[in-house]
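With the hints as your guide, set chain H onto chain F.
There are 2 protein chains.
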Amino acid sequence: MNNSVLVVGSVALDDVETPFGKRNDSVGGSAVFFSIAASNYTKVKIVGIAGKDFPQSTLDKFQERDIDIEGLELVDGKTFRWGGKYHDDINNRDTLYTDLNVFADFKPQIPDSYKDTPYIFLGNIQPTLQLDVLRQLTSPKFIALDTMNLWINIALDDLKEVIKKIDLLIINDQELNMLTGELNLLKGLQKIHDDGLKYVIVKKGEHGAYLSHLDENSHHPELFFVPANPVLEPTDPTGAGDSFAGGFMGYMTKSGEISFENMKKALVHAAIMGGLCVQGFSYDSLENANDEIIEKGLESLKKLVTT
Amino acid sequence: MNNSVLVVGSVALDDVETPFGKRNDSVGGSAVFFSIAASNYTKVKIVGIAGKDFPQSTLDKFQERDIDIEGLELVDGKTFRWGGKYHDDINNRDTLYTDLNVFADFKPQIPDSYKDTPYIFLGNIQPTLQLDVLRQLTSPKFIALDTMNLWINIALDDLKEVIKKIDLLIINDQELNMLTGELNLLKGLQKIHDDGLKYVIVKKGEHGAYLSHLDENSHHPELFFVPANPVLEPTDPTGAGDSFAGGFMGYMTKSGEISFENMKKALVHAAIMGGLCVQGFSYDSLENANDEIIEKGLESLKKLVTT
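In the order they appear, the protein sequences are chains F and H. Quick note: the first sequence, position 93, residue 93 per the working numbering, numbers continuous. Quick note: the second sequence, position 132, residue 439 per the working numbering, numbers continuous.
Bound conformation, chain F alone:
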């Protein structure tokens, strides 16, 4: 069996405005960004829901890139839509509207052909749905999960339940604070590891990301850090976090080695995919990735931190 990665998440059409331009009906959603990024490394199986208005050109793109869409339901109605406007300081944005549309009734159904997928990414959806997905799998080997402040606020118990069943939590620094009640990074990580979670990635956007696990001797968090390569024209940051996760899980799936050492390498690929994503609208820059671009990214991130 060739390794592959399964992703469950949103599929969306976005209206996005940034200081660098504007795009309507911009194809997005966590499952889409994740899939395109991960497909630079490995076979991807997508679980999601979209309306009949979802563009055929993207479905074709999935096929081209060996992204299995058997689990992508196409139903009557409109695709999930999000509208957002980024500030001049592109780290801040306003959500203009969120129309759940067909995503409101999403009940992830895992096709039989997906059930033995070894690598799993639970994109940012309701924790009870993430639990539902896990119940349908037969032999997961490595499960990563993304979440957001909304679920920490309104579904904390469910979220804690699903966190017990995963290997890696991918969150941002504010979410770590909210989840653990600790403002200090090391204290927050210590708490979450002491509760039984093996690996955590803390995303800090343009400030890079930490990977953490418990050091076997000290029982304190041992960290690895990857910076973000500064981007001259961050055209559209939408989907950067999901592309980051796609780079990470894509590399993990391809390499097939579950260890802290290997995750360090995966984190560098995550940073490359996150950095690529912001350089275009939708998945424009991600889909242009190739071995040469990835190799250049690896070199440039290494040079950035090597004395």
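I should point out that these hints are in silico values taken from the structure, not numbers from a laboratory. One thing to keep in mind: the hints can contain errors.
[To be verified] Here are the simulated EDC-like pairs of lysine to aspartate or glutamate, each with C-alpha atoms no more than 16 Å apart in a straight line:
1. 303/F <-> 568/H
2. 85/F <-> 17/F
3. 609/H <-> 222/F
4. 303/F <-> 522/H
Only chain H this time, still in chain F's reference frame:
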């Protein structure tokens, strides 16, 4: 002649409250933090002003650490005082009061024995005073300058005048934005290099720091990045930026090589001194630095970013 570094800056007594405790009459000021940090590497010559209330124990400490205080005026009156309270999120603080006292009439006089010092750090004081200092020097080899938002707002022309005469500007990311009118790091750096400045360090506090110069071929900024090692108990961040500068200039002075390559190494020492500073009130943690602690810091920062 042995290399040495000259620092001009404030000498202060602070009343500091942080989530980890409180200290009154805490010895501080940019020249003090810089000197203690740099004295871990090289001979330091301090230029500043203090009142008769300045503690003898710190003057003794300077002597112990080969910090020359011929240029430290001790005059009738009170030492500069600052009172501040840090928030639970220790990245934010409120200034409770600022009493300039004897610092209000500071006119830096460079003693004859200091005038041929090769390495110069102009701490954050009025740009016209920084210019005054430069006029009194006979043979500076490498000049670094720190400044703050206040001078960018009220003395921009003077500041630009002194920036023309220096080799390295050390500022934080917000100050770079203010100084260049660019929100984007790369665009801000490009502007400042195009205006003739060779080296820039952009400090981002707990998010690390960038060192930049113009790449000879592309004429675009070439960057080196050092992360900040996460600190479990950031007891008191006061002086971290000046300790960071002290580590940088201390290493540069000791090594005596002015090149981008060598500055990368100096930046790692800067991060170590900045990280040490926050682990105690005043210069408590800085003065405990030794070869072993510095070596451990180097190893741990290297491990943090090495796959």
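We went through each hint and held it up to the structure:
Distance restraint check for residue 303/F and residue 568/H: the Cα-Cα separation of roughly 11 Å lies within the 16 Å cut-off, and the hinted pair is therefore satisfied. For a cut-off of 16 Å, the pair hint linking residue 85/F to residue 17/F stands: about 5 Å separates their Cα positions. Between residue 609/H and residue 222/F the alpha-carbon distance is near 13 Å, which keeps this suggested pair within the 16 Å criterion. At most 16 Å may separate the alpha-carbon atoms for a hinted pair to count; residue 303/F and residue 522/H meet this at roughly 13 Å.
Hint compliance for this structure: every hint is met.
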